[in-house]
Amino acid sequence: MILIGENLNVMHKEISQAIKEHDPEPIRKLVVRQTQNGMEYLDLNVGPLTKKPVETMEWIVETVQEFTDLPLCLDTTNPVAMEAGLKICKKKALLNSASGTKESREKMLPLAPKCSAGVVLSVINDAGLPSDADERAASILESLEFTNEIGVPNEDIWIDPVLLPIGVDQRQVSAYLEFIQMIPDLAPGAKSVCGLSNLSYGAPKELKGLLNRTFLVMIGRYGQTSAIVSAFDGELISIKKGEMPEIVNLIYRAMNENDIDLSSLSRKEVEYVKTTQVLMGKSLYSHSWLEV
Amino acid sequence: MKYEAPLEHYTANIREAVVGQGEKAIRIGGENTFPFHFFEGSLPDPPGLALEVLDIEPENWVQTLLDPFQEVVSEPVKWAKRCVDVFGAEILCLRLLSTDPMGKDASAKQAAVIAKKVADAIDVPLIVWGTGVEEKDSQVLTEVAQVCSGKNLLLGPALKGNYEEIAKAAMEHGHAIVAQASMDVNLTKELNIALCKFFPPEKIVLDTTSSALGYGLEYTFSIIENIKQIGLIHRDNMMQMPILADFGGECWRTKEAKESKEQGILWEAITGITFLLAGANLLILRHPDTLKLIKEMISEKQ
Amino acid sequence: MALKGAEIIKRLPKTNCKECGCATCFAFAMKLATGGAKLEDCPYLAPEVKAELEAAMAPPIKLVTIGVGENALVIGEEEVMFRHEKTFFHEPGIAILISDTANETDIEKKIKAIQELHFERIGKALKINLLALSFESGDKGKFETLVKKAYQATDFALILICNNMDILFSAATLCADRKPLVYPITKENITLAIPKLKELRTPAGVKGESIEEIVSLASQLKEAGLEEIVLDPGSKNVRDGIRDQTLIRRAALKKGFRPLGYPTITFPCFMYQDKFTEALAASVFITKYAGIVVISQEDKHFLFPLLVQRFNIYSDPRRPMVVEEKIYEINEPNEYSPILISTNYALDFFIVSGAIEEANIPAYLCIKDTGGIGVMAAWTSGKFNGEAIADFLKKYGIEKKVKHRKLIIPGVAKKLKDELEEELPDWEIIFGPVEGSDIPKFLSEERNKYYKSG
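As you go down the protein sequences, you meet chains V, D and U in turn. For the first sequence, the numbering used here begins at 131 and goes up steadily by one. For the second sequence, the numbering used here begins at -8 and goes up steadily by one. For the third sequence, the numbering used here begins at 9 and goes up steadily by one.
In case anyone wonders, no lab produced these hints; they're calculated from the structure. Quick caveat: nothing in here was measured; it's all calculated off a predicted structure. Using N, Cα and C, we set each Cβ at its ideal position, and we do this for glycine too. Possibly wrong hints are sitting among the right ones.
As the list claims (entries may be wrong) - Subject to a maximum C-alpha distance of 16 angstroms in a straight line, what follows is the list of computed EDC-like cross-link-like pairs (lysine to aspartate or glutamate):
id, chain 1, residue 1, chain 2, residue 2
1, U, 283, D, 280
2, V, 412, V, 389
3, U, 262, D, -5
4, D, 249, U, 144
5, V, 182, U, 430
6, V, 181, U, 27
7, U, 204, U, 174
8, U, 156, U, 128
9, U, 94, V, 144
10, U, 457, U, 343
11, U, 308, D, 253
12, D, 286, U, 430
13, U, 283, U, 306
14, U, 22, V, 188
15, V, 150, U, 426
16, V, 181, U, 426
17, V, 412, D, 227
18, V, 150, V, 199
19, D, 292, U, 128
20, D, 246, U, 116
21, U, 423, V, 144
22, U, 206, U, 248
23, D, -7, U, 366
24, V, 217, V, 188
Unchecked claim - Covered stretches of chain V, going by a simulated chain U footprint (3 or more residues, C-beta under 8 angstroms):
id, segment
25, 263 to 269
26, 304 to 317
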């Protein structure tokens, strides 16, 4: 599973400040840390960049590339900024993101073949977010046809099934799990990606990591090829490196079996089992899912 | 092809909550099937229909709503008695609007005095409702709980920020509580888990907050249906409490309800029946004609 | 779609030959499931497999059309028991009953009154869909006059209610090109009715004393090649009606029981005499699966709540409800009245506008189109940030309406104040309350600041 670091985000005050003042230091720190922690791509979440899109994007990309050799994932809704950024990426970049909407097809999606970038293709279309796995399949099939036609092969398409917070719509999480398993049949050769942290938005702060890590293992098992994650969750990186095989196997077991005897497990193991079960949709989510 | 009635039987049931005491106590919930599905399960308790009484004189009430209560709207005790004696209400809801910090800001003690007077004056069960301002309600409802000790009132709303104090007072003085989590099944479950750590689940009634016809009715409808489904079919025991819908006030505030008497009554009645169809076990209404209309319809014999 | 992609793939060749235009058989199966492809596209399906798939893929509840053109009523093709599982798709038709016992003038008056009804909600027209014309006089001429009047004077879809098959079909011929629903086809008259239906090819309403009876009737019609069917299980009251409607829907959806796979028709007008009870019963059937609800009155105070309820229950829970983008003037504001701004998500609009109305304070409520998403999400996607709002305000010329330059923004949008101060340097940007319920108090304090002193 390829990990894409999410931590460079304009929602963080130091970053938006640094961009405003063209101060490279806060950026350098973040970039170096993420690279050291084993990220394989860095996501640059720069927002709509309504003011001076070209200049700002160029400064950000140049600054980041000063401090890392990792390929970049450019995350903005502004096509002008996107194009400016993709053009100066040293390594093959990832366009984050395009969708099935008419607007995206006209303005954003063509930038991928134009700038020889890979593209994150979300299942969203003009009707909004599909409500279940089958609707996601229908939406992505249409988008794939179009995207292939304009010269982007499946290998350069990273499908984003769109992950919603479990506290907002648990059924959408189940739909995600169902859909991710369909991708090899729907789109042979295509990759997949998600914003993992979305899953735990709104959940108790101290439990977000547990939700994110468990889900990452589950989708990895179902064939997910990459995820945008926080580079600072040590346990997550540990899992990715293969350093926690017992936990991984336990999660697999919880996915397969309905009645696991919790009494023989450690507290941490019980947490992973309960988290797997709630992510599988076996019971209604509440922030106190570990206590029932 | 032969037809076989596709009946469904569920193994879970909704808990039965009791409000009030003695002969006139009301039982709500207890069902093991969906609303009105007498053909495939058991629904031992008819929905409760409560009439609402305010502890201050209402402002901006349309004439249709004032007519049944003309001279008594400035006296909660008389108002309450009229609801029971004249309009046949089997349960009442006293809303302590006087305690609103943005309004009269009456003290908890003052409010409790009124609550006791009303509770003593009637022989039917009583719901006592605060203003939804967490800190104030905490004081008011605990005081009411104490002063009306032993009457088995239904006190609400208990919210995320004040449920502990209210529930403890309710436990100490023998009352039931309304657990309110607005429009969110996950937060509803959350609150129930927190409460049930120390409070008896059979003394909890759920409130998802309600929106009137035309103003979000369908959100309330679907969330109540969903909670009922989660309790009965998915057997989640943290979602098996009876549900109430407090919407009379929401309906009568709308400009549509003020158009004409017919439209006003129907605005409230249709909202109410829709929530009953979703699974509400108790309704809080304002107009006695609405009460009569709904009661007749749900009492239909085959 | 009755069959999911995962089910369809089991019957496909699974060779991934690509001749259907899809990369894999799985992809083709998904497209079939959602109507994006046809069975014919696959050259390698054996005829029996094709026939089986065709039958299995047919929607569990038939789509039935009554009437033609703009006012045609389309019902059926429902997929769920609970709207929160997905959505309800086709609003039930509301029909107003006119009896042929009324005299001609009264009939004309009633038809005219019904035509003049006009209802709307958040910019959408809410319509009465059908006229139900009932043969009660015993006089064929009177019935035909009624039918002719309704047919000629209006474009409404029609339901013809008559127990006598000759008179029923004779009247139906008068308005045949409007595709009226003829009712009731019962076990007593079905043998007579079938040949007439085959000739006329118009939708038929079957009526039984029980669900078992209508199963038999619907099966007979289907065998005769007649599939535009609406079901009436003969429920006597609301309680029975809830039972019957639920069992019919369940049989069709969950058991795939085809003889009950049709929309239903309900008659609160025949169940209850009292107007209020009838309206309440109608609202029950609107909520509980009815395809058509027939009521007896045209009083707008009874109809409007029902139409709004139908609108609400049949709204798609997956799509946010929106209101029109514009500057709403509440309580007759003047040039010193406060200005508030919010998104066009309907619920937020109702909360904010409701609070302003309740406070009885004149104000301008600027509603910007954000595709129905709320403040924070809209800000993130650039639809409700400083630039977007400044453009919007310019577009609608708000500065011409007021003498002050104060703008109240939603309290949750923390970053918006700075952005707007940059975009609109002449304006004072003020945070409104986070909770809608605090708006009245906030506004009453605010508004005192808007009047020039002296």
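Item to check | Hints that the structure is at odds with (numbers, increasing) | outcome: 4, 6, 8, 9, 12, 14, 18, 19, 20, 22 and 23
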